[in-house]
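Engineer: Sequence:
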Amino acid sequence: ALTSETERKIRMVQLRTVSKREKILFPVVLLMLVALLLPDAAPLLGMFCFGNLMRESGVVERLSDTVQNGLINIVTIFLGLSVGAKLVADKFLQPQTLGILLLGVIAFGIGTAAGVLMAKLLNLCSKNKINPLIGS
Numbered sequence: 021a022l023t024s025e026t027e028r029k030i031r032m033v034q035l036r037t038v039s040k041r042e043k044i045l046f047p048v049v050l051l052m053l054v055a056l057l058l059p060d061a062a063p064l065l066g067m068f069c070f071g072n073l074m075r076e077s078g079v080v081e082r083l084s085d086t087v088q089n090g091l092i093n094i095v096t097i098f099l100g101l102s103v104g105a106k107l108v109a110d111k112f113l114q115p116q117t118l119g120i121l122l123l124g125v126i127a128f129g130i131g132t133a134a135g136v137l138m139a140k141l142l143n144l145c146s147k148n149k150i151n152p153l154i155g156s
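Heads up, the final residue of the sequence shown is numbered 156 in this note's numbering, and it's a clean run with no missing numbers.
Treat the hints with care, as some may be off.
To be verified - Taking lysine-lysine and the DSS-like style, the derived pairs with C-alpha atoms no more than 25 Å apart in a straight line are:
| hint | residue 1 | residue 2 |
| --- | --- | --- |
| 1 | 29 | 149 |
| 2 | 29 | 140 |
| 3 | 29 | 147 |
Unchecked claim - Estimated spans, in silico, between C-beta atoms of each pair:
| hint | residue 1 | residue 2 | range |
| --- | --- | --- | --- |
| 4 | 36 | 115 | 46 to 54 Å |
| 5 | 56 | 32 | 29 to 37 Å |
| 6 | 71 | 105 | 23 to 31 Å |
| 7 | 132 | 88 | 22 to 30 Å |
Hints in this document: simulated from the structure, not taken from any laboratory. Cβ coordinates follow ideal geometry from the N, Cα and C atoms, glycine included.
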């Protein structure tokens, strides 16, 4: 409802090719900055950076392939089972918990809409058009 069909059909051109060195340095530099500025978020972002580094380096291709396919499914199942086993209905179905879930859904919707609207705003000012669905 926020975009027209012509906006959704915008084909974006790649501005430049990203070198292999940049692809490898990005997770390393990102992790260093996050560890300095937000140390509590470092373990979570560290795993993201590690996976990105494995994929981009090309050195551990079999390990990277396993992590991207089979292992992520197994870990997701175990995470769901362990969280579900600890979850008790009378603790979960409280107004405060349901309110937090509702706020999360609202924040997700607002973030998605804001991304689409920001891309539409950028299309008014820039010569290279941006597909608004990228913002969502």
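Engineer: Which hint numbers doesn't this structure obey?
Structural biologist: No numbers; nothing is violated.
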